[in-house]
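A.B. asks: The primary structure of each chain is shown beneath.
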Amino acid sequence: MSAVTTPAPTTLDPAPRKPTRSSEAGRAQSRGGRRALGILAVVLAAMWVFPIYWMINSAFLPLNKLQTPEPTFFPTEGTFSNFRRVLDDPTFWAAMRISLGVVIVVLVAALLFAFLAALAVSRFRFRGRKGFILTILVVQMIPAEGLFISQYQMLDGWNLVNKVAGLSLVYTAAILPFTIWMLRGFVAGVPIELEEAGMVDGLSRTAAFFRITFPLLAPGLVAAGVYGFLQAWNEYTLALVVMTDPAQRTLPLWLQGLVESNRATDWGVVMAGSAVIAIPVIVFFLFVQNKMTSGLVAGAVKG
Amino acid sequence: MAAMAPALQQDDPEVAFPRRRRRKLGVYGLLVPAAILMGVALGYPLVRQFVISFQEYGLRQQFGQPAEWVGLKNYTDLLTDPYVWTVIGRSIVFCLVNAAATMLIGVAFAVLMSRIGRASRITLQVSLLLAWGTPVLASMTVWQWLFDSQYGVINWVLANVFGLEDMAGHSWIIEPLSFYFVATVIVVWMSVPFVAFSVYAGLLQVPEETMEAAQLDGASARQRFWNITMPMVRPVLSIVLLLQVIWDFKVFTQIYVLQRAGAPTRETNLLGTLIYSYSDEFSLAGALATIMLVITLALTGFYIRQMLKEDEL
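Note that the protein sequences, when read in sequence, are chains A and B. Counting in the working numbering, the first sequence runs from 1 upward without gaps. Counting in the working numbering, the second sequence runs from 1 upward without gaps.
Looking at chain A on its own, in the form it has when it is part of the complex (with noise of 0.2 Å):
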């Protein structure tokens, strides 16, 4: 439990360092295997990602291309009639904007609040610390279908079902304690010497985090943002619970309902809907996962 004395991990640099063929050379792996092990990749890639080129490649193929004996592997007279069924259904930007509603809040709560309690645990220690950070564990751990019940519950008797704040209430309490492990990693990777240094100089503790500290934790709480935006955005669970009136449906929920009105049907349209979902949250994803993993890596294995 080193939390404070840690020095910065290299984490909080995420690009990937090189493997260096020193560490390599010992190996007898000569450039042809190297190569070998390159092409295996390429085919693995292309395997994991076959699944998403198929659901992209299916939204823009028409009902005759995609019912037919023989798969089309490439939407060469694809159409856009597909997202164009989608994005005209209110339906669909109705579970927009609930989703958009809840992403926000969630994102402004648990962020905050995470914030505040990770600098708690890694800036300083008191008592109840390691319980705390226990408990945040043991917390994901419960199995959240046991919860529901209970929850509806709650949230019925003050009113809050079918509500964008209800749901939001849940989903911050359940995203919370892993934005609060992954934040821990990034506020313990920065050296408090150099909050002490601005101290002795004479800014006041707080100027000194804000001034010092806060701007090295932005890559962090970009990271714990995404991560928040990613389950409030893609939860489907609690909101089938929680979101009971099909006019407060969730975006995952309104996918679910058009794959059961589509299926063995219109399998285009289905796709369409699941592509318009995935996309802005993949683009968004791309930008800023290596500041994610490096966050849950800085948090397991630092104090």
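Since the hints were made in silico from the structure, they are not lab data. Among these hints, one or two may not hold up.
[Unchecked claim] Per label pair, the in silico range of CB-to-CB distance:
1) A/Thr265 with B/Gly29: 50 to 60 Å
2) B/Thr210 with A/Thr79: 33 to 43 Å
3) A/Leu203 with B/Gly29: 37 to 47 Å
4) A/Phe287 with B/Ala108: 37 to 47 Å
5) B/Gly262 with A/Met96: 23 to 33 Å
6) A/Thr79 with B/Arg118: 32 to 42 Å
7) B/Asn227 with A/Leu216: 49 to 59 Å
8) A/Asp88 with B/Thr80: 52 to 62 Å
9) A/Gly32 with B/Trp85: 49 to 59 Å
10) A/Gly202 with B/Gln306: 39 to 49 Å
11) A/Arg97 with B/Gly262: 27 to 37 Å
12) A/Ile279 with B/Thr80: 49 to 59 Å
The C-beta atom is built at its ideal place from N, Cα and C for all residues, glycine as well.
Following the hints, complete the assembly by docking chain B onto the known chain A.
C.D. replies: Only chain B this time, still in chain A's reference frame:
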């Protein structure tokens, strides 16, 4: 850092740590918002669920009838039902198989990433990221379409590329074993990227100097991998495996959505979906959720203790 050392030496406690006492209380102030929120939306339902599990609490009680204390009746009802045991067994097997498969493939991917050229590494990383970033429900719909019995591309490939004629029109989710196979494929596909990236980030932390020193001392590549790399990434491996076991044991969405796609519910239930199916009998749901939490702790408790002992928390 070196530049700051002189400044630190004239460190006067009064200057460096003013208002020590007030800060002590302030620490708890920082924890309060998060603690209250988790207490209200997680802690309270958890306690309530626990209390209900000792009561008779069904639909009638929801409409105002007072709940009656029944002691351990809900637990004995559940634990004397062989079906519940079947589901518990299934869930444990499903969890272990999925966590093991995810870890093996994920670690293999991470090691692969550290041994290949830049171009192929980025190709693999981008493709894993795409799988990771896709919303669960979107992934679920795509996989249902891939495994579709009539027009699904998987059946087509099996029938026409691998010559398995009888796979044409095969329905994957009717049969429990193949239902779990499909679920495993989906869960592993979604979870591998997280493991691969975390472990890869861990592999990058292994200092080159250590590796070079070991190499000079004559350690073979295999020895270096098992005696230096593996112990150094072990903290990452532990935490990732722990999370994987927790997540795979309480898997719900994937199973639920596949069931909705037309699989027989009773034959394919895991603990998550079984609890959900008790939505009219809250006390049973509460008791089963408590049992599930106990099993999770049993599966992971040893591990957590180990981590606590080694101060990895």
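A.B. asks: Give a verdict on every hint.
C.D. replies: Against the structure, the hints:
no., hint, in the structure
1, A/Thr265 with B/Gly29: 50 to 60 Å, "57 Å, holds"
2, B/Thr210 with A/Thr79: 33 to 43 Å, "57 Å, violated"
3, A/Leu203 with B/Gly29: 37 to 47 Å, "21 Å, violated"
4, A/Phe287 with B/Ala108: 37 to 47 Å, "27 Å, violated"
5, B/Gly262 with A/Met96: 23 to 33 Å, "29 Å, holds"
6, A/Thr79 with B/Arg118: 32 to 42 Å, "38 Å, holds"
7, B/Asn227 with A/Leu216: 49 to 59 Å, "35 Å, violated"
8, A/Asp88 with B/Thr80: 52 to 62 Å, "55 Å, holds"
9, A/Gly32 with B/Trp85: 49 to 59 Å, "54 Å, holds"
10, A/Gly202 with B/Gln306: 39 to 49 Å, "46 Å, holds"
11, A/Arg97 with B/Gly262: 27 to 37 Å, "32 Å, holds"
12, A/Ile279 with B/Thr80: 49 to 59 Å, "50 Å, holds"
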